[in-house]
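Protein sequence lines, in the order shown, are assigned to chains A and B. Okay, so the first sequence: first residue is 17 according to the working numbering, each after it adds one. Okay, so the second sequence: first residue is 9 according to the working numbering, each after it adds one.
Calculated from the structure, these hints are not laboratory results. Do not take every clue at face value.
In silico PhoX-like pairs for lysine-lysine, Cα to Cα no more than 25 Å straight-line [to be verified]:
1. B/LYS115 with B/LYS50
2. A/LYS122 with B/LYS115
3. A/LYS92 with A/LYS122
4. B/LYS47 with A/LYS122
5. A/LYS122 with B/LYS53
6. A/LYS122 with A/LYS93
7. B/LYS115 with A/LYS93
8. B/LYS47 with A/LYS93
9. B/LYS53 with B/LYS115
10. B/LYS47 with B/LYS115
Partner residues are not named here, just some residues of chain B that face chain A (Cβ under 10 Å, in silico) [claimed, not checked]:
11. TYR44
12. GLN46
13. GLU49
14. ALA51
15. PRO52
16. LYS53
17. SER54
18. ILE56
19. TYR57
20. THR61
21. GLN87
22. PRO88
23. THR93
24. TYR95
25. TYR102
26. THR105
Predicted, not measured: the structure shown is a model, and the values here were computed from it. C-beta: ideal position from N, C-alpha, C; glycine also.
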Amino acid sequence: EVQLVESGGDLVQPGGSLRLSCAASGFTFTNYGMNWVRQAPGRGLDWVSYISSSSSAIHYADSVKGRFTISRDNAKKSLYLQMNSLRADDTAVYYCARVETLAGMKHWGQGTLVTVSS
Amino acid sequence: DIQMTQSPSSLSASVGDRVTITCRASQGISSWLAWYQQKPEKAPKSLIYGASTLQSGVPSRFSGSGSGTDFTLTITSLQPEDFATYYCQQYSGYPITFGQGTRLEIK
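With the rest of the complex left out, here is chain B (with noise of 0.2 Å):
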């Protein structure tokens, strides 16, 4: 099984920082990679696909990039409602798996 791993577990920030989000895979997955968004109670949101394709709807200051096994969520000026926990996603193949989670707290 492929393994994801995301850096670091959580993170504080303040509104208008730029902040980035690693997720290093234990093998190459060339682009086949997600970012999801989760609040609290409820299910996640997808953000980027294919390591850098925004999903529709989702504002620009997200980004994505990165290939093979290493891949960065950069989050520029940070606003309130991007406090949230962040997951990176490999479907190269299944099992598909996730990261652990990246928690971005308020400072």
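The shape of chain A in the complex, shown without the other chains (with noise of 0.2 Å):
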């Protein structure tokens, strides 16, 4: 069974930083590219960044662009989103998703929430 566990999230103050990670099992990892996608209180679902299953192909919203950092760990089976100099408005639930080729997202992550507020 394919599983997605993010975790990371926490209450942290405007300018701060934070690390999520998002572990995989129950599939071959090292075969599928990863998505993050976002989804603040009450609104829609907002794509954040996207990596390949290599590394080789790293693409950002232009909402997080020179502040968050996407990566992955293939021998650890793990998904990583390194944010900093967060903004109120980043705050959101943050699911990881698997890339399905050519079939978009089927599997996603239970989500984990960021909050940032003084």
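Starting from the two chains in their separate frames, assemble the complex, guided by the hints.
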């Protein structure tokens, strides 16, 4: 069974940093690209970042470019999101999701809440 | 960036009804479109990809159609568990983008 489990969400002050993790199991992690998608309270889904299976291709939403860094450790079957210079509008539930070739995102984690507030 | 516009934003319907949600892309995306269902406090669930291919395990009352810029999600014979928020998403290229969502409520 495919499982994605996010962790690392917390309450952080504006300007602070946080590192999210996503632990993958039940599939060959090295075969799949991964996305981070977030959802602010009461709002819609907002794509954040993508990393390819070998980390050779990385993309960011303009809203996080220069502040967030996506990475992965295939040996540990883990995906990461380093978030710096956090702002109030980064407050959201952050989901990791597996990218299916030609098929969107079938598998999602349960999400981890990041709250940016003083 | 490709903008995705869903309509309506909200919809009231009854169990047994047929409903249609539309999604329009600001430029052509071929069939690189997915639909997701989300219930409160839950992660999104993938329903359809490639504009019209049902994910495994998704009931056949869900169907998708369209290509290019105009797409629809149709649910025939609504069931109580179908009341949720639905999102379209294009994956023609990065940045991938979502529609703003359609909240389907019980009438």
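message = For a quick check of understanding: which of the numbered hints are violated here, in increasing order?
response = 2, 7, 8, 21, 22
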